[in-house]
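Chains as they are written, first to last, in my numbering: chain A, 1 to 399; chain B, 1 to 399.
Everything labelled a hint here was simulated from the structure, so no lab data went into it.
The structure presented is a predicted model; accordingly, all values stated were derived computationally and were not measured.
It cannot be assumed that every hint is accurate.
To be verified - Ranges of calculated distance between the beta carbons of each label pair, as one might list FRET restraints:
no., chain 1, residue 1, chain 2, residue 2, range
1, B, A157, A, Q344, 56 to 64 angstroms
2, A, F22, B, F22, 36 to 44 angstroms
3, B, Q217, A, M1, 28 to 36 angstroms
4, B, S325, A, L27, 16 to 24 angstroms
All C-beta atoms in this analysis are idealised placements derived from N, C-alpha and C, irrespective of residue type, glycine included.
Chain by chain, the residues:
There are 2 protein chains.
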Amino acid sequence: MPDYRFSSAFQAPTGSVIRELFKYLSLPGMISFAGGYPAAQFFDRTALAAASAQAFAEAPLDCLQYAATEGLPALREQLSLLMGRRGAQVSMDQVLVTTGSQQGLDLLIKVLLEPGDTVLVERPGYPAALQALRMAGARVLSAVTDRDGLDTERLAAQLAALAPGTVRLLYCVPTFANPTGACLPLARREQLLALAARHDLLIVEDDPYGALRFSGQALPSLLELSQRSDDAQGRVVHLSSLSKVIAPGLRLGWMVAPDAINQRCRIAKQTVDLCTSPWAQQIAAEYLRGGALEVALPGLLAGYRDKCQRMLTGLAELEEYIEISPPAGGMFIWGKCRQGVSAQALLEQAIERRVLFVPGAAFYAEAPELDSLRLSFAAPDLQQIDTGLERLGEAFKRL
Amino acid sequence: MPDYRFSSAFQAPTGSVIRELFKYLSLPGMISFAGGYPAAQFFDRTALAAASAQAFAEAPLDCLQYAATEGLPALREQLSLLMGRRGAQVSMDQVLVTTGSQQGLDLLIKVLLEPGDTVLVERPGYPAALQALRMAGARVLSAVTDRDGLDTERLAAQLAALAPGTVRLLYCVPTFANPTGACLPLARREQLLALAARHDLLIVEDDPYGALRFSGQALPSLLELSQRSDDAQGRVVHLSSLSKVIAPGLRLGWMVAPDAINQRCRIAKQTVDLCTSPWAQQIAAEYLRGGALEVALPGLLAGYRDKCQRMLTGLAELEEYIEISPPAGGMFIWGKCRQGVSAQALLEQAIERRVLFVPGAAFYAEAPELDSLRLSFAAPDLQQIDTGLERLGEAFKRL
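Generate the whole structure from the sequences, applying the supplied hints.
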């Protein structure tokens with residue numbers, strides 16, 4: 001075979017650590033707290049089947065033909081209304097439909113970054129964002145978080161210590177973060193936007209989980225806050241997704257960005273995939289238009305609340321081993337093993353006992369905290385949560 | 001608003017020339033020979049509706065949940081069988097499902113190219129490939145074509161004149177090219193592969209149209225030929241798509257690449273869109289598994305043969321104005337206006353008379369031939385083809 005030459009980022013790339021864990025999923029009896037998969041039992045199958053049938057019956061050509069790169073008007077209109085219900089005023093022309101919110105970040109990287117540019121990312125943060133930035137040759141700096149998310153005081157000091165203009169953008173998941181589950185309080189949101197204005201920063205607000213709040217009071221998104229602020233206006237690009245609230249199988253996300261950025265991302269998307277599956281778009285538009293999401297959401301939230309509560313109850317039994325921060329939404333609980341126990345060593349014991357989680361090291365750009373771990377309560381059922389945590393307790397005892 | 005900073009490729013990007021023509025489509029009575037859209041009347045609506053219903057009924061979770069990045073096994077199996085029917089031996093593990101074949105090129109660019117790397121592209125060639133390469137900072141060199149496609153004699157001289165290792169890859173559409181409709185003869189295919197071996201070249205064979213042959217005898221793809229050759233083995237990456245043979249709305253393509261490239265593209269895809277819409281994949285798998293494509297294909301080919309023939313007949317009436325090369329498949333007829341008439345000037349007259357085509361300039365990396373143009377016979381019906389060509393004749397008369 002020829003001796004292929006690869007780009008520098010792909011000389012010896014490593015895939016997602018989380019995806020590497022997938023091979024253990026097929027072991028008989030395995031219970032997984034690892035992936036960020038939504039619960040299959042909560043999929044709104046009947047309404048989705050109806051939306052699918054109706055979409056094809058009513059507009060078969062919109063399903064089957066190419067669509068405009070920015071997305072089908074019918075879906076962009078529904079997403080603009082959805083953003084309105086969530087508190088931000090967004091016209092359908094501001095919505096760019098993407099192939100999952102993951103594609104939004106890929107487009108932004110193409111449009112905004114040169115190799116060597118500096119980007120700030122929460123520590124710990126979303127691994128696929130870290131990976132995408134690294135592969136684009138960006139210099140990734142960590143922004144410290146605590147159990148409330150980004151520590152904006154320390155961020156202020158960090159930015160002040162850097163030469164002006166060093167940081168091109170800041171990527172964050174401010175609402176029910178992956179992996180920590182943290183939700184950034186209002187005062188910090190405002191402080192973050194003030195920092196963006198002061199340091200001429202663009203903020204990428206990745207928000208796949210924001211609608212999954214099951215306790216506490218809703219907070220405005222960074223996008224919404226920026227719309228109300230003279231200084232911060234135009235400083236937030238908002239990414240979101242239907243994957244966690246409807247179904248990942250649609251592979252539908254969207255971006256709301258200032259015009260100059262939106263137009264360029266649309267041009268970039270022409271060369272990336274021309275458009276996102278129009279068929280999937282038409283199904284989603286039909287589902288949203290019929291109001292099915294609003295009908296399904298309370299049940300979804302109740303279901304995730306129960307699962308989260310069940311996992312917190314089980315983890316309380318393990319408190320001699322692990323310290324956790326209860327989330328108010330999303331899919332994840334972040335834990336720290338006590339006495340510096342290695343999450344990787346724990347994982348080996350856990351796999352033997354047929355329970356999976358993600359060691360926290362996957363979520364750090366550098367200097368990983370090896371005693372950290374991420375547990376997802378979203379996919380397993382209540383009984384599996386109980387059993388999985390019992391097994392995790394046994395794994396701890398073996399260390 | 002803030003003064004945004006963009007990457008160098010996106011300082012002042014221009015979108016697709018073809019997509020810019022879309023705005024004229026809404027003019028009343030417009031007949032379009034412009035886009036590369038498949039004919040809506042040939043969509044296999046009944047079988048697709050049945051496949052969609054069955055996919056969801058049989059495997060709702062495969063439709064709704066995340067899939068592995070490389071694609072659903074059910075679809076990869078069908079695509080491996082499809083490649084077999086087309087003559088190439090491809091295991092399902094070699095198939096990477098992509099969000100249209102356009103994504104295949106985007107992944108390859110990420111994995112194989114650094115800014116400044118040299119890539120050869122047919123002249124004239126597919127604009128979205130030229131654009132993707134340009135935006136990645138590649139140095140695009142033109143490879144001369146004639147009515148049989150790549151002129152491999154001249155390519156041999158071109159490669160011999162360059163320092164060894166200069167060209168990282170060669171991108172081509174050897175079968176029913178966009179825009180020329182040319183089909184590379186067997187002897188040239190073999191010569192091209194010999195050149196690839198001699199100059200350590202990787203060839204990207206983009207093949208969305210190959211299955212749309214409506215006259216003449218099938219030729220082996222470059223991939224198939226490379227499999228039979230000791231020297232050329234592993235030197236072809238094959239991209240294809242269901243857009244032209246089933247429906248663009250699925251947004252499904254695939255890549256067949258040597259393992260080292262396939263694995264890296266899979267890792268790149270994790271950061272690009274995680275996976276291609278599983279729902280669309282499941283529908284396509286169901287459609288293919290039931291044998292519907294093989295049932296539909298003869299009718300599709302007969303339909304495109306009729307349209308092409310009708311356009312050729314009409315163009316024969318315009319032979320004092322335009323010189324064309326009849327294609328044996330695909331969707332396009334390439335023409336040259338006689339006496340150096342400007343295709344752009346012709347377009348202005350044509351739009352007034354409500355007929356659209358694409359001036360050839362869009363298909364050149366540099367030094368466009370301004371008297372060239374591309375006509376697609378795929379989307380309009382037979383009556384529209386007649387009327388559109390009459391209008392084109394009137395437009396010629398006004399110049």
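Results for each hint:
1. Roughly 57 angstroms separates the CB atoms of A157 (chain B) and Q344 (chain A), a value that falls within the hinted 56 to 64 angstroms.
2. At roughly 41 angstroms, the beta carbons of F22 (chain A) and F22 (chain B) sit within the given window of 36 to 44 angstroms.
3. For Q217 (chain B) paired with M1 (chain A), a C-beta distance near 31 angstroms keeps the hint of 28 to 36 angstroms intact.
4. Take S325 (chain B) and L27 (chain A): their Cβ atoms lie about 59 angstroms apart, and the range 16 to 24 angstroms is violated.
The structure fails hint 4 only (numbered hints given earlier).
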